[in-house]
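Q: These are the residues of each chain, in order.
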Amino acid sequence: MKTKSNLERVLESKIFAVTGELGPPQSADSEIVRRKARILKGHVDAFNVTDGQTAVVRMASWAACLIAKEEGLDPIVQMTCRDRNRIALQMDVLGIAALGINNMLCLTGDHQKFGNHPTAKGVYDLDSIQLVKMVKDMRDEKKFQCGEEMAVEPRLFIGAAENPFADPFEFRVPRLAKKVAAGADFIQTQIIYNVDKFAEWMKMVRDRGLHEKVKILAGVAPIKSVGAAKYMKARVPGMDVPDSVVARLQGVPKEQVSKEGIKLCIDIINQVREIEGVAGIHLMAIEWEEVVPEIVEAAGLLPRPKFVP
Amino acid sequence: MLISEQKPLEEILSYLEGDKNVFIVGCKGCAEGWGSGGEKQVAEMKNTLQEKGKTVTGSVVVDMLCDAALTKLKLRAYKKEVAAADSILVLTDGAGVQTVAELVNKVVHPGCNTLSSGGAHAEWKEAERCLECGDCVLEFTGGLCPIARCSKLLLNGPCGGSQGGKCEVNPDIPCVWQQIVDRLAKLGQLDKLERIVAPKNWSVSLTSGPPVKRHS
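Protein chains in written order, with the numbering used here: chain A, 10 to 318; chain B, 2 to 217.
Since the hints were made in silico from the structure, they are not lab data. Take these hints with a grain of salt, some might be off.
Stated by the list, open to error - The calculated lysine-lysine pairs, modelled on PhoX-like cross-linking and capped at a C-alpha distance of 25 Å, are:
1. Lys122/A to Lys201/B
2. Lys193/B to Lys222/A
3. Lys272/A to Lys233/A
4. Lys23/A to Lys13/A
5. Lys167/B to Lys130/A
6. Lys152/A to Lys201/B
7. Lys193/B to Lys145/A
8. Lys107/B to Lys53/B
9. Lys151/A to Lys201/B
10. Lys145/A to Lys78/A
Chain A on its own, in the form it takes in the complex (with noise of 0.2 Å):
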């Protein structure tokens, strides 16, 4: 093992994982992420907090990994290149693997564009993949960024992102390719509605053998509104919501439409679960967390394994 990560022996004895999502508070309230991580116990291996997502200003990731931590669970702190130049970066890292956190999954970020300080200066030092490449190098190098070396390595289990549905298609795989060869331990995908085109992706995937080389969990998430559904469809970018995913919700009275929408993200994990390759689901029911128990036990996924206290 290269860490003390649940979620990397979750993955190393081959059982499908589950990884859900915990979104910070918009202030300094820990008791909102210890409800939160509450909820999640026990029907997740680990769990991803987010690092300002949208780039609206939230708790940091590492500070809300912190307190969940305390309630027992294996947190993924989530860390972008969009505030953080290499230094910020390296300095985190190394304070969040001092921290006993196990996990962390590098991103480049939403644009701040879309966040709640629109006229914000982005850095972009680095790139994601870039990222993931340099916290490889100080885990398994013992190296800085600029070469230079270092006592006690940051023993984090590396994650990345990858959007299946994003343009250019034909790139997206060599995009993988790209995070695999940078040091990517395992990957979370965007959410999943077109299931068609996922598993066209995930046939790229195997073609060039790289699910033998990472663990690949397909993202899933359950949908509470039409609206919920329209809005993701014409305004989150990178999104790939097909018109029989809103007629279906369409379909059902007013007030069953949540219900269906949770049968609904059950229904595609059971699709995701028969792709070759597909080492686990990660589970974003952002701002629904209520919702995880429910759909990870009708989807046949519990008791969770828990090797890590």
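Starting from the known structure of chain A, fit chain B onto it as the hints suggest.
A: For chain B alone, kept in the frame of chain A given last:
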């Protein structure tokens, strides 16, 4: 006035590895003024490359390389020489390199780093093309600049927000990475994008203060 200086010869030669026949382009505007790619430097480069065993199929020094209409006209007279070349070496700032890349269906190598706009911009009316970063990456990106034209300055390919050829930030912004992938696909050079591009050297850019010493 775009201020540029030639890249180290070893770097230029590494770009030309595998290319036997090279066509050289210079400019009588800024590049001549700064001694990076005028008549004299183009002639010197021609000799240097021939000494290194390359065949220079021809060369041209355009009055204003960043003027696409003028450059198109000029290059028409060198159709045969350009066709005979494996690639084109452009000894100007990033704007000039991108003009040639847009006009010619061949691999275009940047021979210079652009240090500063010197208070003015090149003849690209519709879009910013060069941010004078001082460490030109056009070699790896098909002659299209992700520093000036990608909202996240990405060096290793498109982010997850590129859809239908548009940038997630604004539908009026074309995704330069889509353009880069399209161009390299057309040139049969998509494999160029498989390499991991290392973190960029920003110390030679204007973020380190005005370029006082670098072009003395």
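Q: Would you mind marking each hint as holding or not holding in the structure?
A: Quick rundown of the hints versus the structure:
1. The suggested pairing of Lys122/A with Lys201/B holds, with an alpha-carbon distance near 23 Å, which does not exceed 25 Å.
2. For the given pair, Lys193/B sits about 22 Å from Lys222/A by alpha-carbon distance, which is consistent with the 25 Å threshold.
3. Annotation: proposed proximity of Lys272/A to Lys233/A holds, straight-line Cα distance about 11 Å (limit 25 Å).
4. Of the pairs offered as hints, the one joining Lys23/A and Lys13/A holds, with about 17 Å between alpha carbons and a cut-off of 25 Å not exceeded.
5. Of the supplied pair hints, the one linking Lys167/B and Lys130/A holds, its CA atoms being roughly 22 Å apart against a limit of 25 Å.
6. Between Lys152/A and Lys201/B the CA atoms are separated by roughly 18 Å; this keeps the pair inside 25 Å, and the hint holds.
7. Simply put, Lys193/B and Lys145/A have alpha-carbon atoms about 23 Å apart, close enough for the 25 Å limit, and the pair holds.
8. Between Lys107/B and Lys53/B, the direct Cα distance comes to roughly 22 Å. Compliance with the 25 Å bound is thereby established for this hinted pair.
9. With a CA separation close to 21 Å, the supplied pair Lys151/A and Lys201/B stays within the 25 Å bound.
10. Between the alpha carbons of Lys145/A and Lys78/A the distance comes to roughly 23 Å, so the proposed pair stays at or under 25 Å and holds.
Hint violations for this structure: none, all hints satisfied.
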